[in-house]
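When you get a sec, could you build the whole thing from the sequences and use the hints?
Given next are the chains, with one letter for each unit.
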Amino acid sequence: MQRSLLRDLAYPAVAVFIAFLLGALLVVATGYSPAEIYGALWHGAFGSAENVAWSLQNATPLVFTGLAVALAFRAGLFNVGAEGQLILGAFAASQVGIRLKGTAFDTTLSILPLALLAAALAGGLWGAIPGWLKARLGVHEVINTIMMNFIAALLGSYFLTVPWIKEAGSVPQTPIVSANAVLPAARFINPYTRLNAGFLLALGCVFLVWFVLWRTWHGFELRIVGLNAGAATYAGANVGRTTIAVMFASGALAGLGGAEQVLGVHYHFIKDFWVGLGFTGIAVALVGENHPVGVLLGALLFGALQNGAAEIDMMTTFPRELIQVLQAIIIFLVASMGYVRKRSAA
Amino acid sequence: MGLALLAWGAASAAPEKPVRVGLVLSVGGLGDKSFNDGAYEGLKRATRELDILPYDGEPTMVAEDDRYFRRYAVEGFDLVIGVGFLMQSSLEAVAKEFPRIHFAIVDAFVDLPNVASLLFKEHEGSFLVGAAAAMATKTNVIGFVGGMEIPLIHKFRVGYGEGARYLNPRIEVLEKFAGSGPEAFSDPFKGKQLTETMIAQKADVIFHASGSTGNGVIEACKQHGVLAIGVDANQDYMAKGYVLTSMVKRVDVAIFELVKEVKAGRFRAGPHVLGLAENGVCTTDFAYTKQKMPAGFEAKLEAIRQKIIRGEILVTDYTARPAAAK
Chain X
0 MQRSLLRDLA YPAVAVFIAF LLGALLVVAT GYSPAEIYGA LWHGAFGSAE
50 NVAWSLQNAT PLVFTGLAVA LAFRAGLFNV GAEGQLILGA FAASQVGIRL
100 KGTAFDTTLS ILPLALLAAA LAGGLWGAIP GWLKARLGVH EVINTIMMNF
150 IAALLGSYFL TVPWIKEAGS VPQTPIVSAN AVLPAARFIN PYTRLNAGFL
200 LALGCVFLVW FVLWRTWHGF ELRIVGLNAG AATYAGANVG RTTIAVMFAS
250 GALAGLGGAE QVLGVHYHFI KDFWVGLGFT GIAVALVGEN HPVGVLLGAL
300 LFGALQNGAA EIDMMTTFPR ELIQVLQAII IFLVASMGYV RKRSAA
Chain D
0 MGLALLAWGA ASAAPEKPVR VGLVLSVGGL GDKSFNDGAY EGLKRATREL
50 DILPYDGEPT MVAEDDRYFR RYAVEGFDLV IGVGFLMQSS LEAVAKEFPR
100 IHFAIVDAFV DLPNVASLLF KEHEGSFLVG AAAAMATKTN VIGFVGGMEI
150 PLIHKFRVGY GEGARYLNPR IEVLEKFAGS GPEAFSDPFK GKQLTETMIA
200 QKADVIFHAS GSTGNGVIEA CKQHGVLAIG VDANQDYMAK GYVLTSMVKR
250 VDVAIFELVK EVKAGRFRAG PHVLGLAENG VCTTDFAYTK QKMPAGFEAK
300 LEAIRQKIIR GEILVTDYTA RPAAAK
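Each protein sequence line maps, in turn, to chains X and D.
The opening residue of the first sequence carries number 0 in numbering that gives the first Met the number 0; numbering runs sequentially from there.
The opening residue of the second sequence carries number 0 in numbering that gives the first Met the number 0; numbering runs sequentially from there.
In case anyone wonders, no lab produced these hints; they're calculated from the structure.
Keep in mind that a hint or two might mislead.
Stated by the list, open to error - Coverage of chain X stretches by chain D, computed from C-beta distances (three or more under 8 Å per stretch; other residues unrestricted):
id, region
1, 179 to 188
2, 259 to 272
3, 301 to 309
4, 313 to 321
Keep in mind the model is a prediction, meaning the values are calculated, not measured.
Note that the Cβ used here is the ideal one computed from N, Cα and C, for glycine as well.
What follows is the structure, given as structure tokens:
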């Protein structure tokens, strides 16, 4: 188990290395110095305690959406809808955090768990709908999860036009959630860091997903269904029920990611904060080979890259478009390396 | 840059530190052909003409701009600029943390001793395009489409109406807003609908102050063969011959002038209000629509412009707030 995990991780590591070499060629070819650009990338990603905190914070929502995608993949389901599930989860968390403000529930020990629970439920139900459609009617989950992303994004924008939801003023956002519903930030790093307890929650979910997949009977059934649904049925597994349950759990993970954003980073539901979080989660799951630990490492890679890219953008004249090309080269190679490995193993 | 540094070194015994300016753009901002591009142009011009070291950053995520402000402030930059009213609260927070750093914000007012607020006399520019509309109309009915119904947009509306009535007291001005939320600035379909209603009521020149909602206004005008008036940036090219002119806010001029002051060590906090006199607002050159205007219109507009600058014409400022008065 451990040795195979190490081998699994060696491939992406080699891919990252090759990607950086190719990236260096791009940097030189466009007339910049790789030392300067990679220096800025490194500084932005890991250069100071503050920047490390930024990298971890950028990684946090991606751990949740990455886990959501990876868990579904293990059951043979392609959940493209993590973004929509995250939006619904974030909205549910914001509403619990706002509506229970000043009530008897407004203590850290009840409002925070309730908000997280609401987020997991909302995200889970949003994921369970395409799961149910797949189990009962055989409608492909890819189509439905994609479509439900649009519905969720438009719903999210719509909510912010409703007078009793929206905060007064011209900025599209809800009021601030109760201070008791806030995921505590790592203020020991600096007073304005946004790295928060949600990161620990993400680590907990990494362990939970690993534990369920490889240490429980349900996880076994899930993986069997993912490997061969026909054989699983023959062996007595309930494929339909598993499909719905997995899509619920997958959506719940994404929903928790939304809660982390609302309760730990923005403190209110704000328009468009979600853009890219779900789709990047797919790439994170691919890079992480659909293994929870791989997802964690993949999310850290993406979070650090994003942060390094911001530093390059801010402090050098290297064109923004090329930063994205650099990022894309890395992602592309890491993802295709996994494919190469599977092909050579087969 | 190296040459410039050498030149400095030669000119003064103790070479001065180059002035560093950091510009924080809106998410997805560059390429908007409006505020962000304008601010970027202003910074580029300052780089060419003033020997400064320019830095710019474009956040990739929502609500991330405070981090960019902070990064430039930590570096000890001589000026840190934010673009647009959405950055108001984050710039305010960071400016409080760094009271010794000079900040500037475009199109919003932050009341701190180290922040310059770059504001525009939209009413003056709107007066001028209102006068142009009065000259171009054949039906004596003109229209105004606003985005979100907020005081800033009323400022355009009032100035436009006054300008039109200055030349033709009997002109009819139809006025509509696209909505009461921020989405009213990004609803081209609504813009088209409102414009078609106005055209049905015989309006033949329609001014929009409505962000991308205005794309629908311009499209409707083109389809029905009437004239639109653009806003913020030069939008005349968007439907050549059908956009009479545009009420341009010269963000580039505002940024350039501010950088110049910082370079000379004369940073002023508080409101910097740019009107016709400061070239902060203006009309375009009517490149595609000269033949649709009466002869001698340019001289007439110039005369009005001069009168406003000299104070002989007083245009109502809908937002006239004591704090922002010049």
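Here is what the structure says about each hint:
1. 179 to 188: violated (count 0)
2. 259 to 272: holds (count 6)
3. 301 to 309: holds (count 3)
4. 313 to 321: holds (count 3)
Hint check: a violation occurs at hint 1 only; the rest are consistent with the structure.
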